[in-house]
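Protein chains in written order, with this note's numbering: chain A, 1 to 149; chain B, 150 to 275; chain C, 276 to 372.
No lab work stands behind these hints, which were simulated from the structure alone.
There could be a bad hint or two in this list.
Derived BS3-like pairs: lysine-lysine, alpha-carbon spacing no greater than 30 Å straight-line [stated by the list, open to error]:
id : chain 1 : residue 1 : chain 2 : residue 2
1  : A       : Lys7      : A       : Lys59
2  : A       : Lys61     : B       : Lys251
3  : B       : Lys180    : C       : Lys319
4  : B       : Lys179    : C       : Lys277
If you want the footprint, here are the derived chain C segments under chain A, 3+ residues with CB under 8 Å [said to hold, decoys possible]:
id : stretch
5  : 281 to 294
6  : 343 to 355
None of the values given here were measured: they were computed from a predicted structure.
Here a beta-carbon is modelled for each residue, glycine too, at the ideal position from N, C-alpha and C.
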Amino acid sequence: MDDRIVKSITRLVIPFIQLYGIFIILHGHITPGGGFSGGTLIGTSLILYTLVFGLLPSKKKFSHRMSQIAESGGIVIYVGIGLIGLFLSGQFLTNLDAGFPIGEPGELFSAGMIPLLMITIGIKVASTMVSLFHLLIEGDLDADHPGIR
Amino acid sequence: MQIIQAFVDHINFIGAVALFLIGLHTVVTKKNLIKRIMGLNIMGTSIFLFLVAIGNVTGGVPPILQQDPNVNYINPIPSVLILTGIVVVVSMTVYSLSLTIKIYEMYGTINQDELTHLIREEEIHD
Amino acid sequence: MKKHLLSLLFLIFFGILVYSIMEMPTMQNQDAPSYNEVTEYYIKNAVNDTGSVNFISAILADYRGFDTLGETIVLFTSVIAVASVLRTVKKKEGEDY
Chain A
1 MDDRIVKSIT
11 RLVIPFIQLY
21 GIFIILHGHI
31 TPGGGFSGGT
41 LIGTSLILYT
51 LVFGLLPSKK
61 KFSHRMSQIA
71 ESGGIVIYVG
81 IGLIGLFLSG
91 QFLTNLDAGF
101 PIGEPGELFS
111 AGMIPLLMIT
121 IGIKVASTMV
131 SLFHLLIEGD
141 LDADHPGIR
Chain B
150 MQIIQAFVDH
160 INFIGAVALF
170 LIGLHTVVTK
180 KNLIKRIMGL
190 NIMGTSIFLF
200 LVAIGNVTGG
210 VPPILQQDPN
220 VNYINPIPSV
230 LILTGIVVVV
240 SMTVYSLSLT
250 IKIYEMYGTI
260 NQDELTHLIR
270 EEEIHD
Chain C
276 MKKHLLSLLF
286 LIFFGILVYS
296 IMEMPTMQNQ
306 DAPSYNEVTE
316 YYIKNAVNDT
326 GSVNFISAIL
336 ADYRGFDTLG
346 ETIVLFTSVI
356 AVASVLRTVK
366 KKEGEDY
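Just chain A, with the same shape it has in the complex (with noise of 0.2 Å):
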C-alpha cells in the first residue's frame, strides 16, 4: 500500500506482536496457551508485514528456501528427542525416564521436554500459515508492477 500511516504503524507494532506470540509459546506449560495458538500469532504479523509492504520485499524476509528449512526441521527434531528417549531407556518419547530435568513445577525451566516440544510446534506452524499465504497470492504476480496493490 502507499499510505503513510498504514506503514509506519506497522512498523511500530510488529515488533510487540512477535514478542507476545513467543511469550505464549514459551510459557505453554504454566499459562493457557502452547505451541499452535503462540505460532499463530507470529504467522499473522508476518502475514500483516506481506499485506503492508507487497510480496517481493516480504519474500527476501522469509524466502522459499527458509521455509523448506523450517517446515523438514520440525519434523526431525520432534523425532530427534522421541529417539533420544529410546536410546537412553526403552521408550519412543519419554519425558521422566529419559532423563530430562524437571525441576519445581511452576518455574519457568521446568516440565522436562514439553517446552522444547512447544518451540518446535511453533515454529513449524509459524512457517506452515506464512508459506500457505505466499502460494496462494503468488498467482497475481505479473511484471509491469510487482507486489500486490
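Assemble chains B and C onto chain A, guided by the hints.
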C-alpha cells in the same frame, strides 16, 4: 415451564446443531463455489463447539493447577482432541480453495450452473 | 416451490435433532459418562509425572505425544499438496522435460 427449563439447560448443544444446519443449508443451496467451501468450514466449527460443550462441569474452573485442593476442574480431554481437528479443517479448506483457483484459470467462471454447461459442451466436442 | 420445500425439510431436521438432544445429560456434575477414570487419573497425577502445571499441555505433549506428531505431519502434507497444485514448472527452450 419444564420445556423452557430443559431448553435453557441444553443451550450449548442446540447452538451447535443450529450452526451445523446453517452450514449444510449453505452447501446445498448456493451456487457459488467459494460460498460452499465456507459452508463446509462452518460445519466443522460447529462440531468443535459440540465437543467443548460436552466437557463442561457445573461450577468448574479452567484446568490449571490451583492452590485450593477441592475445586472441580473441567474435563480437559475434549479440548485436546479439538486441536487436531482444527488443523484438519484448515488443511481441507486451503486445498479446496487452491483447486478453485485452478478451476477459474481453466474455465473462467465459478458458478456451478455455468460450469456444468461448459463441461458438458467440452465432452460433446471431444 | 422447491426452496420452500427445502426450508421445511431443514426445519423438520432441526426438530428431530433437538428432540434427540434433550436426552443428553446437562452440565455434568462428575457423574456423567464422559468424566471417567481416565480423566481422574490425568488430573491427579499430571504434576507428579510431568512437572507441568497446565493439564492440557501435559496431555498434549506427554501423555498423547503421538497424536501431536501425526498432526505436524498433516501440516507438512497440506503445504506440499497446495504447492503441487499451484506452483508450475516452466519449460526452458530446447529442454526435454
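task = Determine which of the earlier numbered hints do not hold for this structure and return their numbers in increasing order.
result = 3, 5
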